[in-house]
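Q: The residues making up each chain are set out below.
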Amino acid sequence: MPTVSVKRDLLFQALGRTYTDEEFDELCFEFGLELDEITSEKEIISKEQGNVKAAGASDVVLYKIDVPANRYDLLCLEGLVRGLQVFKERIKAPVYKRVMPDGKIQKLIITEETAKIRPFAVAAVLRNIKFTKDRYDSFIELQERLHQNICRKRALVAIGTHDLDTLSGPFTYTAKRPSDIKFKPLNKTKEYTACELMNIYKTDNHLKHYLHIIENKPLYPVIYDSNGVVLSMPPIINGDHSRITVNTRNIFIECTGTDFTKAKIVLDIIVTMFSEYCENQFTVEAAEVVFPNGKSYTFPELAYRKEMVRADLINKKVGIRETPENLAKLLTRMYLKSEVIGDGNQIEIEIPPTRADIIHACDIVEDAAIAYGYNNIQMTLPKTYTIANQFPLNKLTELLRYDMAAAGFTEALTFALCSQEDIADKLGLDISATKAVHISNPKTAEFQVARTTLLPGLLKTIAANRKMPLPLKLFEISDIVIKDSNTDVGAKNYRHLCAVYYNKNPGFEIIHGLLDRIMQLLDVPPGEDKGGYVIKASEGPAFFPGRCAEIFARGQSVGKLGVLHPDVITKFELTMPCSSLEINIGPFL
Amino acid sequence: MEPGWRWELSAVHHLRLRRHTQDDDTLSPALRLDTFKMAMHSPVPVAELLLRRLEASDGGLDSAELAAELGMEHQAVVGAVKSLQALGEVIEAELRSTKRWELTAEGEEIAREGSHEARVFRSIPPEGLAQSELMRLPSGKVGFSKAMSNKWIRVDKSAADGPRVFRVVDSMEDEVQRRLQLVQGGQAEKLGEKERSELRKRKLLAEVTLKTYWVSKGSAFSTSISKQETELSPEMISSGSWRDRPFKPYNFLAHGVLPDSGHLHPLLKVRSQFRQIFLEMGFTEMPTDNFIESSFWNFDALFQPQQHPARDQHDTFFLRDPAEALQLPMDYVQRVKRTHSQGGYGSQGYKYTWKLDEARKNLLRTHTTSASARALYRLAQKKPFTPVKYFSIDRVFRNETLDATHLAEFHQIEGVVADHGLTLGHLMGILREFFTKLGITQLRFKPAYNPYTEPSMEVFSYHQGLKKWVEVGNSGVFRPEMLLPMGLPENVSVIAWGLSLERPTMIKYGINNIRDLVGHKVNLQMVYDSPLCRLDAEPRPPPTQEAA
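Residue numbers (the UniProt record's numbering), protein chains in the order written: chain Y, 1 to 589; chain E, 1 to 548.
Chain Y extracted, bound-state conformation (with noise of 0.2 Å):
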């Protein structure tokens, strides 16, 4: 979830009222929105730098909003103080428009040489825009904000802004070598080819995490004027020449990417935004934007979109009898400008270019019921009669735990995922030979291997238990995971039993007996005939030679038991003997 931190001051003068923290708290809430934290720039450098570094920063009080992920008109002050002054019905939301220059339009020229890394752009102009520090800020950061979230860390599209009076157009969106890109990027002295750049950047903390998105490529997106000056390179840095300030006026808008989708969604974003602050309130420029099969298309869309929903369905999805006209109030509240039209039922719905979430019926049935108020739906039980079943497997488990426990021995509860060296190595088994499927971005090698067998978590159970009285009898019922071509994806739980006994002797009767015990209770009689059960001497590498059998039950080998091998002990920082017993509770089904 995105958080935006807005100063408070600000929040309540664009709110024209004071909230007491509680009060704006609930607010947030009731929209669902959540104050996570209410700090300031002092507080949050003292914090993460010390005492000393934040000497001087401002103490400006500050809120940490959290902003539902598909909200990007909530990612800035601007958005947040719209969006919640039309809830309260203090304002009508604004209709953006986009209108056509009095001279000639701005043009973006696409060349076929970015098909292959990021073959899309669009474009626009916020004319005779105003800036304040503040709002110079607040415009960054949303920047900011839609490159981590839906930008997807700028891997999907990537935001360029330009102060337009240094340029001159038309503009071309083209990709080059590397080592043919030469400019002087954003908050540099000189010139640099985009080869020096990527090297320059890799030690930058803010930068670095981008390179790889065009690292690799022959080709390197870049954007031009007419003069030939250097735009932007993206999705890395901008050009230094045609960086904002507050003091620019006009500004030329470009969002490049793989995703066309969302290259729009994010300039319509920004402009719906910052086109508060331009002259003609709310009122963007066009941009033309030539794709390289000639065709042309007029950037930003600032699409409304109309759908019609019947009032009743909105009604029976949430559970609540209000009349259409109520409902239409309530979306309008949503921002999604509503009125009844037809046969008095039919609510015709506005979707604003701001609402790009909005993208099925449930969604504004979603906004009428956060309207509404959640907290005021009158809550039902359904009448819905069914029989409940339990999965058969996870009752005879549940069945056999409270015996197990019954028996003496005490219930663990390892982790699943664990290391190669858990499973094979210590085990005295090659990997290979476990079947085991493996991760392939494991961060540390606990996370290497889905485990094949219990028996490594309880060993490493007992030994971080070693100052406990012995003897240590533990168990744990839970599934294993086996590869398996005959399953759709390839790999198969199997729910193990797993006992251990660690004691000064090996005891190898006891974990016989509870055997037997078990057998008992699956109603599994001795013998190997009339579908009983019956061990026999085998071998394992886990083993103590001579000390292990395997257990046969219905006619299969369900597992083995026997004294652990003195290897296997003291690879698992053990000291005592111990024996062991695992078995495939599967067929007993």
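Quick caveat, the hints were computed from the structure, so don't treat them as lab data.
Treat the hints loosely; a few may be bogus.
Unchecked claim - For the chain Y half of the interface with chain E, some residues (derived, Cβ under 8 Å), not all of them:
1. 156
2. 362
3. 370
4. 391
5. 394
6. 443
7. 468
8. 516
Remember, predicted model here, so these are calculated numbers, not experimental data.
All C-beta atoms in this analysis are idealised placements derived from N, C-alpha and C, irrespective of residue type, glycine included.
Please build the complex by placing chain E on the supplied structure of chain Y, with the hints as guidance.
A: Chain E in isolation, oriented as in the chain Y frame:
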């Protein structure tokens, strides 16, 4: 064996050092056992001897002296003192500790046979002795150097067949032996501090602390005590002798002996209760025994777009082997693809290029909702549609940064209801019943965003301890874009909610670090000691009006 002893034995056997009789702070339980055995085996009980002597004494007697007089181990007398003490006011015993010098085993040998140096001196004849031969004597090495430094002997290194040792003086005084004999005779105080410490350094002398009892007559002193019985025995019952015997009072302040038993894990005890709650509410358990899932079932089927951050390497464990799902229900896959990329079923869709390769990628399921999706898909294939209530509780996996409350794997609890015409009010109503069974009655609902539910609501409950609203679950109505491609009828709604098993358990048991609850680093004592899980037995918050 008397029953009383047996009781003590079993107590010690269980390593639980809690006794019903008053504790002796000077004797280990093992030592006490020996004492009891000795007291039991002597022909005339020591306790009886002690009482007779005490009667004859004026004032009292010392346990160590008594032991010496009776010619028995001191411990035996101490045992008798303890058993008499246990009878009440028969005797009074005061613990005293005295320090005493005693010879070590080597010291005793020297007191008997002379110091090593003296023995070396004596072994040298007038014509001298080869040094090599001398060194072979038992006292050779130590005695030689001491005798040399005492200037009793000398070495002639120029002798023809190697160094030879000769006496220097005709006779000597064996001071070491004399001093040790003094100590042996109980006259250690005649030695100077320096002399004693020198002998101690040579490990011939040791200072020992002796704990003895000064025993005197108690207010109820009697030589003919009838010993109080500790426990009722079968013999007493059959003979009826219990009628005439006094019984030792129990100390009810002492702890009992915990029974030997196995224990269930606290988190799984809570899991059992959640299962029980769902079953009580008529919910059927879904199969969740597949930790490995394809991206398709984990994300795509839930209408979670392929660029969603949750599908990032940083959040999800993907598999290297088996890297891809082998089979997907291709008809259904096509409908899902179309819904994502173009929309349909009344949806705009996400309008991006949906890739089958991305859907095939195997992973460790990040939620049990993937299992719910499979269950709902199976349900959709059964015609006609029948309403269902489903639940599951099982492990899920996240490739997240680990901290005190986050592990790479945890348990997710999920409830799902599918029926015609379900509303948000129904969802809230079911949640209210569910949480009431958990002992949570004060609920409120916050609008939220989940990729696969719309409307979505987070469930908050007022925490009496923290004095604030805390999130206890997440819920919503599954999106039509998820349900309709499965083939479920259009007027069927599916409401669902989920929460983690760990969080309520940590709150219930007051655990701050999740590693203290889950995984191999758990303290087994915590498992042994954990109480029953009775979720609804929590202290209920006082009734207040529902949050408006």
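Q: For every hint, state whether the structure bears it out.
A: Hint check:
Contact between residue 156/Y and chain E, as hinted, is supported at the beta carbon level, the nearest pair being about 6 Å apart and thus within 8 Å. Nearest Cβ of chain E to the Cβ of residue 362/Y: about 4 Å, under the 8 Å cut. The hint holds. A cut of 8 Å between beta carbons decides the hint on residue 370/Y: the least distance to chain E is about 5 Å, and the hint holds. With 8 Å as the threshold, the beta carbon of residue 391/Y comes within range of chain E, its nearest partner Cβ sitting at about 4 Å, so the hint holds.
A distance limit of 8 Å between C-beta atoms decides the matter here; for residue 394/Y the minimum to chain E is near 6 Å, and the interface restraint holds. The closest approach between the C-beta of residue 443/Y and any C-beta of chain E is roughly 7 Å, which is under the 8 Å cut-off, so the hint is satisfied. Proximity of residue 468/Y to chain E holds as hinted, the smallest CB-CB distance being about 5 Å (cut-off 8 Å). Hint status for residue 516/Y relative to chain E: violated, with the closest Cβ pair at about 16 Å, above 8 Å.
When each numbered hint is compared with the structure, a violation occurs for hint 8 only.
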